[in-house]
Every structure is written in structure tokens, then in C-alpha cells.
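Protein chains in written order, with my numbering: chain A, 1 to 339; chain B, 340 to 897.
It should be emphasised that the hints constitute simulated quantities derived from the structure, not laboratory data. The C-beta atom is built at its ideal place from N, Cα and C for all residues, glycine as well. Treat the hints with care, since some could be wrong.
[What the hints assert, rightly or not] Simulated DEER-style distance windows between Cβ atoms: (1) B/LEU752 x A/HIS224: 56 to 62 Å; (2) B/VAL524 x A/THR324: 52 to 58 Å; (3) B/THR661 x A/GLN122: 33 to 39 Å.
[What the hints assert, rightly or not] Taking lysine-lysine pairs in the DSS-like style, the calculated list, with each CA pair at most 30 Å apart, reads: (4) A/LYS107 x B/LYS364; (5) A/LYS107 x B/LYS573; (6) B/LYS830 x B/LYS700; (7) A/LYS107 x B/LYS700.
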Amino acid sequence: MSSEQSREVARPGDHAGVPDRFDNPGLPAHRHRLTDADPRAAKRAERQVSLLFAASAIGTVIFLVGYFAFPLEDSTFGELQKSTLVLGIGLGLALFGIGVGAVHWAKTLMPDTEMIDERHPQRGTDEDRQAAVDILALGAEESGVGRRALLRNSLLGAAALAPIPAVVLLRDLGPLPGAVLSETLWEDGVRLARDPGGVPIKLEEVTPGSVFHVIPENLSESEHPLEEKAKAAVLLIRLDPELVEDDPERAGWDIDGVYAYSKICTHVGCPVALYEQQTHHLLCPCHQSTFDVTQHCKVIFGPAKRALPQLPIAVDDEGYLVATQDFTEPVGPSYWERG
Amino acid sequence: MSQNLTTRAAGGTADFLDTRLGASKAVKGLARKIFPDHWSFMLGEIALYSFVILLLSGTFLTLWFDPSMQLTTYEGAYAPMNGQEMSAAYASTLHISFDVRGGLLMRQIHHWSALIFVMAMAVHMFRVFFTGAFRKPRELNWVIGVVLTLLGLGTGFTGYSLPDDLLSGNGLRIIEGILLAIPVVGTYVTFFLFGGEFPGEVIIPRLYIIHVLLIPGIILALIAVHLGLVFAHKHTQYPGPGRTNDNVVGYPLFPVYTAKAGGFFFIVFGVIALISATVSINPVWNYGPYDPSPIGAGTQPDWYILFLDGALRLMPGFVEFTLLGFTLSLNILVPALVLPGLLVGVLMLWPFVESWAANDKREHHLLDRPRNAPVRTAAGIAGIFFYLVLCLAAANDLIATAFNLSINDLTNLFRALVIVGPPLVFWVTKRICFGLQRKDREVALHGRETGRIVRTADGEHFEVHADLSDEDRWVLVQHDSHRPLELPPAKDENGVRRPGARTDAVRSKLSHWFFDERVEPATPAELAAAHHDGHAAEAIEASETETSGRQVVGSAGD
């Protein structure tokens, strides 16, 4: 029908009556599948679907066999891998078989003639809308919420106050920050110890070019060792003092070219654990902030802004490296009140 | 006999349900509801099914997982860590992996489903965006979808942090650094979340309850609304012959989609099980328990957090300021909080902005072919490009190592690309859309190239163009082309500024940006003209059969 229509439309020289837009030609004629026309094809499809369901059952058996074949008692890593593999393949097959079977069933044997549902606008009819407005107005009128201002206002006030306990209750989630973010375990006389192990480090052990991961020796006695470590971790580096820029403010903070810097990145707090010996750069593996040790760990690339704080160190009577004071500024990521 | 019994039993059950729940009305209203068929409609299903798999596998994991940061000494099947101190969370994760049969498989199923869950939501969102399925009346469902995606990121990240291994602990440390950067209240937020200083002893149990109850509960509720609205609106459909804005053409929920969609759940679950059986993911025993000091190089978060990590890597540090004794870390705030906030804002507002610019208040149930909405498509592709650059930037260390490049050069390249790239991609995509639209017009008016070259008696060569059937042509010509809104004069005849003139000016500008350049769909008149005086080829082709030089249009459909 529509085909005839466009034949009409296309007559040359007769543009009067040509519509502005094409017409929807309507659903094309349905094409039957092989399984609709040929009972043998339908039977074949039925067998295929059953075969897939059977494969699923086999998968379940494989899973059960795997479960009991690998008891995981005193087993090796290899056995764990085998167990995971067999259980997973069994489970996968059990599920996949059902799934593919059901879809194949739907596609080959269930009707594939397209059907049509009509749509209706979301909007209610004008009568519906008027009725809704009337109901709401009536309800509001009946409740008296518009007339009784005292009632309404006192409810609003009470409802505004009621959530306050919910907020107040959250107060004990944690302590107030106070000044703890700017304090670490380091103080005059605290020995620099190896991380891990906690063995104190002697100056002579720090050969040129070497790097030590350092914690305060008193860390293990601390009440909260992880929290303290998260602030107090330090990198110890020895390099030729000639290479390092002169900074009178830091005079006496190093000893014989042994420098101690906070290991906590001033960006978002990852450990700055990568040291490049050739260039004397420290690199944070999380976001690649790069600090130049020869410039007192100034940022030379990446998203961090501030230099890594330096820990002033000295040698005690027994030759061990010790801090002479805490860091002179907060370590780690920036925060509003750090200044 | 047994048949009879079964029938009676079924009848009894049905009666029981109907007299108590009114089941017959639900079956009558829903069971034969028509859904259209298209592969791209299954993307949202994948998201739904992987969420169900997450609930199942996650429940299994909770039977052994101990969300506690209490230090304990590990004794279990994983020999290399025997005697080591670690949190109970990490130890119980090792226990699930090494001592519980199928435990490692379930952990891997849980983790893979999480990655696929977020991925499916993202790709489903792309489908909805590029086909304009978010248009009226579905704007609110689009907003719910954006919220669901965000919740997916949230539940993914909280779950990633639970094993308390070295990698996830460093992830939490980065979160701490980001929260600290919030102006004024950053330290308070951090101390309240972690119960004091990082890492503290409460963050894992707190994240646990958020991960297993709070967010999944909200997701479940929103999924119910999301799907309820799909039923209420009836599914959108692609344009085609017989498909109109007032109907939906497809197959009934029962039995066809019960089998297809139900079967698809098993397929998704089966495939995830097979992946989890064969591909290891998050082997936490290789990383060790969390310790604030060590870290591995080349560490990346799960894929859906990559864009945030990449943004953090690209932002240069010099934008941190100290003013009046207070520190404002824009180098962290902009990539970690402002940028995702902007992305979410643009996504949520897009449907409303677009309909405002088009002054389009109609309901839309027929999907757009992406080429027919060039600005939307170009903006979407530009956005995806922006997102992908950020994702790649989060792997800048891996790329630099693999290709032996300078990480600084690579980072600078990504910095340039993230700024220059999207406008360029926008322009290119828009050009491609117009190119495709012109091609559509060409094919609609002049038929399809057949590759058959014919030589006429006069020695002239031409390629025979085959006519389109009405059905095929309909797909190419059915769409609307919006025109930009014209600006009414800002002042009335008395020279008085009209209220709202400024808003109208903005709206008109936006509308021009959207719709200034456009290719109109071919019309019947153009088709007639094309056949009348159009290309020599068709004229000659036609003249072979009919001296009038016409007859082409009606030959459709054979």
C-alpha cells in the first residue's frame, strides 16, 4: 500500500500533493525461520538445546569432582590453582550451558513474529490533572495547614531541629585533629633504625651512594606504631656534599653528606621510595612527583608543590645516627591549617 | 492422570497467589509486555546481572571475612607468610584464598564482576547517551543512572580497600591526602573518617559496612526504580519500518524475554566464572599486609578509578597556594574533587540543556542514530576521549617503561592532549557525522552503488545504482532535524527591555551551537527531483526499460 503511495508521489512534474516527509512504510512482511517451516529443523534445534542443558549438568559434576578431589589441606600453591581452575570451569560450564540453551530455545523455537504494543503519553489527561489538583487542595484544606499558621510553623521548626541529633551523634567518629599532624616520633637523640628490622644505623654503614629506609628506633614502643610510621618514615641518602646546594639555614642538618628526608610525599602521602642514584632524584611511584636531593628535595616535576621536609641528624657517642630535633614543618600531604 | 494432577496443583497455587496478591492482574498487565530487540539493549542487563553476581559472591565472602584491623599472627596454608604480623582483615582474606575450597574462585568472581559491573554501566550509559534515550520522558531515569554509576564507583573502591593489603592501603592513603586538601574542614573530615590519624583501627570496619550494606542497599533500591521506570515508559526502540513514536515493536516478556534475559543472566555468570577460573586478579598474597613505608612501582588502581589517578598525575604542583597562613591545594582539589564534580554535573544536566536548546518538549521513544545528533555525538566522543587520556595518564609509568620513553615527556604530552585533544576530537566527530548524514541523503535519493559498470551504446560509462526499498530508505530519512531558536528582539516597540531577554540570548546562542550546521533529511520532493533531473546514470538506467526516464521510486521492495 505504502509502496503504491510513493509511486504516486514520485510522478515527475507533479509536485503538488507531495508530502513534506516520507511515510513510515510499516512493518515488513514476516520471514519464517527454518525451524518454523521444517519440523526436522525444529527437532534438531530441540536436540541442540537439550545437549546444552546436558553440558550444564556435566559442568555441575565437574565442579563436585573438583571440590572433593582438591581438599586444600596442607596443599601447595599449584594445587590451589588446579582447584580454582576445575571449580571455575565446572561452575562456568554449568551456568553457561543453561544460559546458551535458554537463549537458543528462545531464538529457534519460540515465536519470532514481532508484536506491537501501543504507547500512551506519560502525562495524565486534563481531567486527571484537575482531579489531582482538587484532591491535593482539598487535603490541604482539610488538614488546615494553610489556615493554622501556628501549627505549620511549629512543625517546620521541630522538623528542622529533629535531624540535629543525627549529626551530633557522629561527633565521636574521631578526635579533633589538634596538632598531631605536625608532630612525629623524632626528637633529639632518637636513633635512626632500619625499616624493616628496627636495627639502629651507624654512620660508617652509610656508604656513599647508598640509601636506607629508616624508622625511629622507638617506633615499636609507641602506642600506635602504624600511625607513627605513616608520619615518621625517613629516607637516608649519602652523597657528595659538594653536589648539594648550599643552604645556610640547614647548616649542621646533615653529617658528612648523609641526609635524612621525610619519605612521605607532600602530594597525597605515598611513600617516595624510588631513588635514582645517577641523577640524585627521588621519585614517588604513585603520581611521579620528582624531588631533587641536590636541591634539598625541591620538587622538579609532577603534582607535588613542597619539598620533602629534612630531618636534622647527628652522630651520638656510640657512632649511631640520631635525630637532633623533630621535622621543622609537618610532613606529608598539605592541609588547610598547616600554613 | 499425572497431567491432571499437575494441572490441578498449578491451578491451586495460582488461585492461592491470586486471591492473596492479585497475581492475575500482574500477569495480565506484565507478562505479554513487548520489548524491542537489539544487542545494545543488553548492556544494561550485563550491569544488572553482574550486580546480582556481586551480591551472591559477596555474601559467600562475608561468611569468612573478618573486617578488623586487629593485629594477628598469620598461621595458615600460605607458608611464606606464616608467623607474620598482619591485620585480621588481611589474614582472613588469605584464609579465604588458601584454606576455603572455592574461596579464591569466589574472590576472583567477586572482583571480576565488580570490574564488569562498572564497565557495563559505563557502556550502557554511552548507548543511552549517543542514541538520545535520555530525552523526555526519561530524563530522571538518566539521572538515576548517573547516581548508580557513582555508587558503583563507591562500592568498588570501598571493596578494593577491604583486604588491607599493601596496594589497597596505599589507595586509602591517597584518599586521606585528597580529603586533607579540602579547605577548612579537611583535617576534621579525615580524622572523623579514620577515627583519628591515618590509618587508625576503624577504617576497614567502617568501609566494610558501607561496602556490604549501605551502598548495595541504595543501589538495589535505585535499580528497582530504574527498572520500574523502564516498564512504565516502555523501552525505547531504534527507528525502522513500522516502528513509530507511539508503538513498541518486539517480543513479549513471557516467554521470549523470560528465556532470553534469564538465559543471558546465566551466560554472564558463566563467562565471569570462566574468566575467574583462568585469569588471576588481585593476588593480595603477593603484595603483603599494609605498611605505610614500602610501596611497589607501577601500581594502578582498578580501572574505574584510573581517570582520577591520571588527573592527579597530570595536574602540575605549582597551583598550591598559601594565603594568610592557610594552604589551598588546588593541585589536589581540582583533579580529585572539582573535575569529577564537573563531569557528574554535565552528565546530569545534559538532557535538560539539550531539550532547552532545542525547545523540544515532546516525548521521544524512537532512538536517534548518533550521526543525526552531531553536536551531542561529538560532545560525547570528546568527553570519552578526555576520560581515556586521563586513564592512560594513570599508566604513564607503565607506558614509559614499556616503550622506553621519558616519563616527564609523556606526562607533558598527556597534559597537552587532555586540553587540545577534546576540541579536536569534537570537531572531527562532528565532521564525520555530517559526512555520514550526507551519505545517507545520497543513498536515499540516488540508491545504492552496485559496483556494476554499464557501457551505453554511445560509449558512455556509468555505475548502476540500485534503488532502495521503502523500508531501507525509511531508516535514512525518518529523523527530525532541529533548527536553532531565533532570538526575539530584546526590546519591545517602546524600547523597553523585555524581561528574560538575557536568558533568551544565552538560549539562542546555545541553540545555534547545537543546530546551526545541519543536514536535512531527504524529502519525497527531493527524491522525485533526483529521479526527474538527477544523475545521468539513473536516467539512462531507467531509459533502458522505459522511455519516460522514470519508474525508479516504485520499484522498491523487490
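Hints violated by the structure (numbers, ascending): Result: hints 1, 2, 3 and 7 break, sorted rising.
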